[in-house]
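Chemist: Sequence:
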Amino acid sequence: MHPTDIKNPDYFHKVVDCQWACPAHTPVPEYIRLIAAGRYADAFMINWESNVFPGILGRTCDRPCEPACRRVRVEEQPVAICRLKRVAADYKGDVSDRMPTVPQIRNGKRLALVGAGPASLTVARDLAPLGYHLVIFDGDNRAGGMIRSQIPKFRLPEEVIDEEVGYIASMGPEMRLGHQVDSLERLLGDGFDAVFVGSGAPRGRDLDLPGRREAAANIHIGIDWLSSVSFGHINKIGRRVIVLGGGNTAMDCCRSSRRLGGDDVKVIVRSGFEEMKASPWEKEDAIAEDIPILNFLVPKEFKHANGKLYGMTFEKVKAEFDHRGRRRLVPTNEPDVFFECDDVLVAVGQENAFPWIERHIGLSFNELDMPVVNETTFQSTEPRVFFGGDSAFGPKNIIWAVAHGHQAAISIHRFCQGADVNERPPPMVTLASQKMGIHEWSYDNDISLDLRFKVPHRDKDVALKDIRSEVELGFDDQLAFAEAQRCLNCDVQTVFTDSLCIECDACVDICPVDCITFTDNGDEAELRTRLMAPAHNKDQALYVSGLLKTNRIMAKDEDVCLHCGLCAERCPTGAWDMQRFLIDVAQAKNACCSN
Numbered sequence: 047m048h049p050t051d052i053k054n055p056d057y058f059h060k061v062v063d064c065q066w067a068c069p070a071h072t073p074v075p076e077y078i079r080l081i082a083a084g085r086y087a088d089a090f091m092i093n094w095e096s097n098v099f100p101g102i103l104g105r106t107c108d109r110p111c112e113p114a115c116r117r118v119r120v121e122e123q124p125v126a127i128c129r130l131k132r133v134a135a136d137y138k139g140d141v142s143d144r145m146p147t148v149p150q151i152r153n154g155k156r157l158a159l160v161g162a163g164p165a166s167l168t169v170a171r172d173l174a175p176l177g178y179h180l181v182i183f184d185g186d187n188r189a190g191g192m193i194r195s196q197i198p199k200f201r202l203p204e205e206v207i208d209e210e211v212g213y214i215a216s217m218g219p220e221m222r223l224g225h226q227v228d229s230l231e232r233l234l235g236d237g238f239d240a241v242f243v244g245s246g247a248p249r250g251r252d253l254d255l256p257g258r259r260e261a262a263a264n265i266h267i268g269i270d271w272l273s274s275v276s277f278g279h280i281n282k283i284g285r286r287v288i289v290l291g292g293g294n295t296a297m298d299c300c301r302s303s304r305r306l307g308g309d310d311v312k313v314i315v316r317s318g319f320e321e322m323k324a325s326p327w328e329k330e331d332a333i334a335e336d337i338p339i340l341n342f343l344v345p346k347e348f349k350h351a352n353g354k355l356y357g358m359t360f361e362k363v364k365a366e367f368d369h370r371g372r373r374r375l376v377p378t379n380e381p382d383v384f385f386e387c388d389d390v391l392v393a394v395g396q397e398n399a400f401p402w403i404e405r406h407i408g409l410s411f412n413e414l415d416m417p418v419v420n421e422t423t424f425q426s427t428e429p430r431v432f433f434g435g436d437s438a439f440g441p442k443n444i445i446w447a448v449a450h451g452h453q454a455a456i457s458i459h460r461f462c463q464g465a466d467v468n469e470r471p472p473p474m475v476t477l478a479s480q481k482m483g484i485h486e487w488s489y490d491n492d493i494s495l496d497l498r499f500k501v502p503h504r505d506k507d508v509a510l511k512d513i514r515s516e517v518e519l520g521f522d523d524q525l526a527f528a529e530a531q532r533c534l535n536c537d538v539q540t541v542f543t544d545s546l547c548i549e550c551d552a553c554v555d556i557c558p559v560d561c562i563t564f565t566d567n568g569d570e571a572e573l574r575t576r577l578m579a580p581a582h583n584k585d586q587a588l589y590v591s592g593l594l595k596t597n598r599i600m601a602k603d604e605d606v607c608l609h610c611g612l613c614a615e616r617c618p619t620g621a622w623d624m625q626r627f628l629i630d631v632a633q634a635k636n637a638c639c640s641n
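Numbering (the numbering used here), first residue to last: 47 to 641.
Since the hints were derived computationally from the structure, they do not count as laboratory data.
Check each hint, because a few of them may be wrong.
Cut-off 30 Å, straight-line C-alpha distance, at most; resulting in silico cross-link-like pairs (DSSO-like, lysine-lysine) [said to hold, decoys possible]: (1) Lys442 x Lys349; (2) Lys199 x Lys364; (3) Lys349 x Lys282; (4) Lys506 x Lys138; (5) Lys364 x Lys282; (6) Lys155 x Lys329; (7) Lys500 x Lys199; (8) Lys199 x Lys138; (9) Lys500 x Lys346; (10) Lys595 x Lys442; (11) Lys329 x Lys364; (12) Lys442 x Lys199; (13) Lys595 x Lys506; (14) Lys282 x Lys329; (15) Lys323 x Lys346; (16) Lys312 x Lys329; (17) Lys312 x Lys138; (18) Lys329 x Lys442.
Simulated DEER-style distance windows between Cβ atoms [what the hints assert, rightly or not]: (19) Lys362 x Gly139: 52 to 58 Å; (20) Thr147 x Ala478: 26 to 32 Å; (21) Gly371 x Ala334: 29 to 35 Å; (22) Ile333 x Asp254: 28 to 34 Å; (23) Asn352 x Val508: 35 to 41 Å; (24) Ile548 x Pro472: 33 to 39 Å.
C-beta: ideal position from N, C-alpha, C; glycine also.
Please model the entire structure based on the sequences and the hints provided.
Modeler: What follows is the structure in structure tokens.
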């Protein structure tokens with residue numbers, strides 16, 4: 047077992063959880079501490095710097111950071127990181143004077159951005175302050191892409207979109223809205239130095255089943271239907287509605303249907319409930335609105351009479367697993383199931399559509415008819431063309447589109463300045479002691495014992511009457527403070543200096559979770575069994591010191607450490623310190639372009 051170098055960022059990659067789990071690497075504990083201190087504008091700007099859309103993501107993010115939250119190691123529910131992000135946006139006040147300035151003199155480079163969704167807007171936000179002339183094209187008349195067209199307003203109010211898209215629009219990109227790009231070859235011929243494609247995955251998958259064509263008037267593609275609802279083209283639906291699919295789009299479809307006249311709405315899924323792609327909270331919200339989710343039913347036929355849809359039949363299936371653990375769905379041989387319906391919403395997935403990209407211009411496509419894109423640089427095989435968001439690697443979510451946008455902006459900047467796009471600026475990592483003096487800390491390390499606080503919701507009877515009435519009301523400042531106190535400050539690390547240790551065991555005595563052990567060194571597997579609290583999670587690195595004066599080592603299990611700082615407070619020699627670990631992931635402004 048070799049001693050771990052605490053200065054090695056790779057070690058912290060395994061220790062600092064939520065900010066590494068976020069694709070945009072948002073410094074989560076940092077902004078949560080600011081929220082607890084009532085510094086909402088500062089918390090918002092930290093979010094804005096990394097994830098660009100704090101108010102939007104605070105309502106809609108898929109929360110990849112929360113499963114990595116260290117709070118789940120001491121209780122079931124993580125800190126409500128996503129909803130605290132919304133608090134920063136709701137309480138920040140006017141931050142317009144904090145936005146970056148755009149130079150009046152441009153750098154002479156013109157860039158085309160196809161699509162006005164989160165990926166393109168992120169690229170624009172990163173490159174506008176560097177003097178680029180940006181032209182954003184979108185077929186819709188308002189910017190936002192899928193943020194505006196596919197997320198129901200009861201989840202994301204229009205004014206939040208307007209505000210956060212507006213911050214980027216105010217940086218001066220040329221907005222050619224209502225302008226559908228129909229030829230990449232023509233766009234490249236218009237003198238642009240580079241093109242970024244952030245057009246999303248605009249086509250919903252259909253189901254080619256018996257009766258599909260005959261009953262087409264009442265069978266709708268989910269994302270197209272949501273877009274029509276969002277822009278006010280559709281304001282009602284039949285009383286009996288079937289939604290096909292188990293993802294978040296299906297949840298948005300069924301909940302929207304309840305607000306447009308559907309009082310018998312059900313979601314029907316071919317997989318099991320736990321295997322559905324929808325986020326757990328999205329399923330919970332649908333069920334709370336009296337929408338049943340029926341599983342292990344495969345659609346077979348749309349039933350119709352004289353062109354009028356009246357129902358669907360389904361085959362009952364079950365899951366079987368082979369010797370390798372691979373699952374397949376097999377018929378149960380039970381009778382087919384029939385459900386009456388007036389309308390069906392098909393939400394079984396999305397796919398990319400690139401009819402506007404000519405295949406002879408040097409841009410390669412793979413066997414799935416997706417562009418060949420470098421996963422690090424986001425550059426295509428046509429060096430001037432870059433991709434990001436859903437159009438790069440297929441449907442994901444907003445935070446991934448933002449992360450793609452940041453990285454693509456670095457590549458575009460380096461490409462336009464004649465530098466190697468494969469050379470990536472490293473993240474800046476800092477460690478700063480949080481100990482100001484004896485028993486004085488620059489952060490509050492009093493950990494709350496509370497369970498996760500529930501976000502207040504609008505009364506269901508009221509919410510279901512208005513499709514634009516936001517359901518989640520968000521934390522107020524008092525609930526936000528209480529929830530923020532649940533954060534374990536996982537970015538404030540215990541740092542041990544073995545040369546200062548006198549092996550008095552004071553830290554062992556005071557540790558509330560028995561995560562510190564002084565023992566003989568040994569192989570990792572064997573050492574894990576000798577710790578005060580056996581370290582069973584092999585995915586989490588142990589923190590092991592060098593040899594101490596007694597030839598023992600100190601081993602700490604990061605999997606259970608609460609980062610409470612009691613060891614550092616109790617240590618008589620200062621061998622333990624608490625140091626704040628801050629990731630500052632490089633963006634285009636940090637991308638040095640010297641050859």
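Chemist: Against each hint, give a clear statement of whether it holds in the structure.
Modeler: Status of the hints after comparison with the structure:
1. Pair hint Lys442 plus Lys349 does not hold up; C-alpha atoms about 33 Å apart against a cutoff of 30 Å.
2. With a C-alpha separation of about 36 Å, the suggested pairing of Lys199 with Lys364 is violated against the 30 Å cut-off.
3. A hinted pair counts as satisfied when its Cα atoms are at most 30 Å apart, and Lys349 with Lys282 qualifies at roughly 22 Å.
4. This hinted pair checks out: Lys506 and Lys138 have alpha carbons roughly 28 Å apart, not beyond 30 Å.
5. For the hint pairing Lys364 with Lys282, the CA-to-CA distance comes to about 35 Å; that exceeds 30 Å, so the pair is violated.
6. The hinted pair formed by Lys155 and Lys329 fails the criterion: a straight-line CA distance of about 46 Å is larger than 30 Å.
7. Using a Cα cut-off of 30 Å, the hinted pair Lys500 and Lys199 holds, with the two alpha carbons roughly 21 Å apart.
8. The suggested pairing of Lys199 with Lys138 holds, with an alpha-carbon distance near 22 Å, which does not exceed 30 Å.
9. Of the supplied pair hints, the one linking Lys500 and Lys346 is violated, its CA atoms being roughly 40 Å apart against a limit of 30 Å.
10. Of the pairs offered as hints, the one joining Lys595 and Lys442 is violated, with about 53 Å between alpha carbons and a cut-off of 30 Å exceeded.
11. With a C-alpha separation of about 21 Å, the suggested pairing of Lys329 with Lys364 holds against the 30 Å cut-off.
12. For the hint pairing Lys442 with Lys199, the CA-to-CA distance comes to about 20 Å; that is within 30 Å, so the pair holds.
13. With a C-alpha separation of about 65 Å, the suggested pairing of Lys595 with Lys506 is violated against the 30 Å cut-off.
14. At most 30 Å may separate the alpha-carbon atoms for a hinted pair to count; Lys282 and Lys329 meet this at roughly 23 Å.
15. Between Lys323 and Lys346, the direct Cα distance comes to roughly 21 Å. Compliance with the 30 Å bound is thereby established for this hinted pair.
16. For the proposed pair Lys312 and Lys329, the alpha carbon gap of about 12 Å is at most 30 Å, so the pair holds.
17. A C-alpha spacing of about 39 Å is found between Lys312 and Lys138, which places the hinted pair above 30 Å, so the restraint is violated.
18. Our distance criterion of 30 Å between C-alpha atoms is met by Lys329 and Lys442, whose separation comes to about 18 Å.
19. The given range of 52 to 58 Å is respected by Lys362 and Gly139, whose C-beta atoms sit roughly 56 Å from each other.
20. Distance hint check for Thr147 and Ala478: the Cβ-Cβ separation is about 28 Å, which falls inside the suggested range of 26 to 32 Å.
21. Evaluation of the 29 to 35 Å hint for Gly371 and Ala334 yields a pass: the beta carbon distance comes to about 33 Å.
22. The given range of 28 to 34 Å is respected by Ile333 and Asp254, whose C-beta atoms sit roughly 30 Å from each other.
23. Taken as a hint, the range 35 to 41 Å holds for the pair Asn352 and Val508, whose Cβ atoms sit roughly 39 Å apart.
24. Look at Ile548 against Pro472: about 38 Å separates their beta carbons, and that is inside 33 to 39 Å.
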